[in-house]
Structure formats: structure tokens, C-alpha cells
Amino acid sequence: DAGVIQSPRHEVTEMGQEVTLRCKPISGHNSLFWYRQTMMRGLELLIYFNNNVPIDDSGMPEDRFSAKMPNASFSTLKIQPSEPRDSAVYFCASSFGTGRNTEAFFGQGTRLTVV
Amino acid sequence: LAKTTQPISMDSYEGQEVNITCSHNNIATNDYITWYQQFPSQGPRFIIQGYKTKVTNEVASLFIPADRKSSTLSLPRVSLSDTAVYYCLVGDTPTGFQKLVFGTGTRLLVSP
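As they're listed, the protein sequences go chains A and B.
Note that the first sequence covers residues 1 to 115 in this note's numbering.
Note that the second sequence covers residues 1 to 112 in this note's numbering.
Excised from the complex, chain A in its bound form:
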């Protein structure tokens, strides 16, 4: 398996534009996580899904952020409208199982810069 695949790897956009980040989890995994990482705030969990259903979105910073998982092999994180403070590296991770001892696999991340 190629692992968790994220696209694009880098995104530069202007403030106010819509940004869509994409993630393909590992085949067979049933949990998917979206994270945001910055120097100031570290690695923050934004939302996670189980069997394509959002379980906890309490980490989503505001209504400008939305995430979907239309099927088991694809998820998107959308920011509309984007702001400079959204600049960060966004990671997607997937895992199999729901228990306390599951291992998560991370993608390479999308580095987002909003100017």
C-alpha cells in the first residue's frame, strides 16, 4: 500500500479564496483524522471520522472549516474563506479499528500558505 496520500503537497493562496485539501486513507482503514500543525499551537486534532461518519469535530476552529468523507477512500478538508492565520501544515491520518491500541498512519502533509 502507498500509505496515506495527501494532495496537494503545497498550496499557496490569497486571503479570501477557498482551499480544498484532499486525503486518501490506507485501504481497509476505518478511522480518519485531520490535524493542523503550527509552531505556536503544535499538532491539533481538527476532526476525526469512523466508518465515514464524523465522530468529533470539536477541534474545527470555526465555521470557515468543513470536512467531509463521502466514502471510505476519500476525505476533504475545506477552508472558505481562507485567512493568513490558517497557514499551517495539515496532516491526514488513518487507522484500522476503534480501540485504545490502534496505530495511526500519517500522510506527508499539505503545507498551506495564505497570503
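Calculated directly from the structure, the hints in this document are not laboratory data.
There could be a bad hint or two in this list.
Claimed, not checked - Result set (EDC-like, lysine to aspartate or glutamate): computed pairs, CA atoms no more than 16 Å apart in a straight line:
| no. | chain 1 | residue 1 | chain 2 | residue 2 |
| --- | --- | --- | --- | --- |
| 1 | B | K52 | B | D31 |
| 2 | B | K3 | A | E44 |
| 3 | B | K99 | A | E44 |
| 4 | B | K99 | A | D57 |
| 5 | B | K99 | B | D31 |
| 6 | A | K68 | A | D57 |
| 7 | B | K99 | A | E103 |
| 8 | B | K54 | B | D67 |
| 9 | B | K3 | B | D31 |
| 10 | A | K78 | A | D57 |
| 11 | A | K78 | A | E11 |
| 12 | B | K52 | B | D67 |
| 13 | A | K68 | A | D56 |
| 14 | A | K78 | A | E18 |
| 15 | B | K99 | A | D56 |
Based on the hints, put chain B in the right spot on chain A.
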């Protein structure tokens, strides 16, 4: 929710053994302890996981005392390539589904 506390940073030299301790006083009975490693510009990577006593794999060892309120990640004979941030995570399944919450981690710097 179980929370973890670990040193912000540690320094070491090549060839030394490094031990990073994590405190998790509120760990729940069914919680596992998991450690991840993150290199610059990469996503975190699973290193090791345990429930009690000692676990060893090809990368590291994990020591967990009987009360499970702390754990120690041991990296034998570190090299420059072990320079990374190490995160300790425990359980966290408030909804019945595992919620992976990362703390601040320990930034390990290995020097020649």
C-alpha cells in the same frame, strides 16, 4: 481525558542511550500508552505501544511501572538520525472511538 506531561526538550550524543519519561496520572484502566516520532517536514510515525511492564521492538523499548502513571521510552545508542520530536499519547476514547490527541512532545537533539 488522560493528559500527558513530558520534557520539552532533551539533548544527547551519538551512541548514548536516551530515556524520555512521560507522566499520565489520570490514565484509565483500559488505556494503552503509545509513542510517536516526528521528523521535520513529515507526519508523526508510530514507534511503540504498551499496556504494562516492558515492551521492546527493533526501534525502542517502553517501560511502564505497575501503577501505569508514567512511562519511559528508551532509545538505545542513538544516532544523528534520531533527532526528532517524540510524542507520548494515552487512550482517549471519550466517544468510544479512539481520539488521537498529541501534546507538546519532547524535542530530542542528538549531536556528534
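Problem set entry | Non-conforming hints, listed in increasing numerical order | Every hint satisfied by this model.
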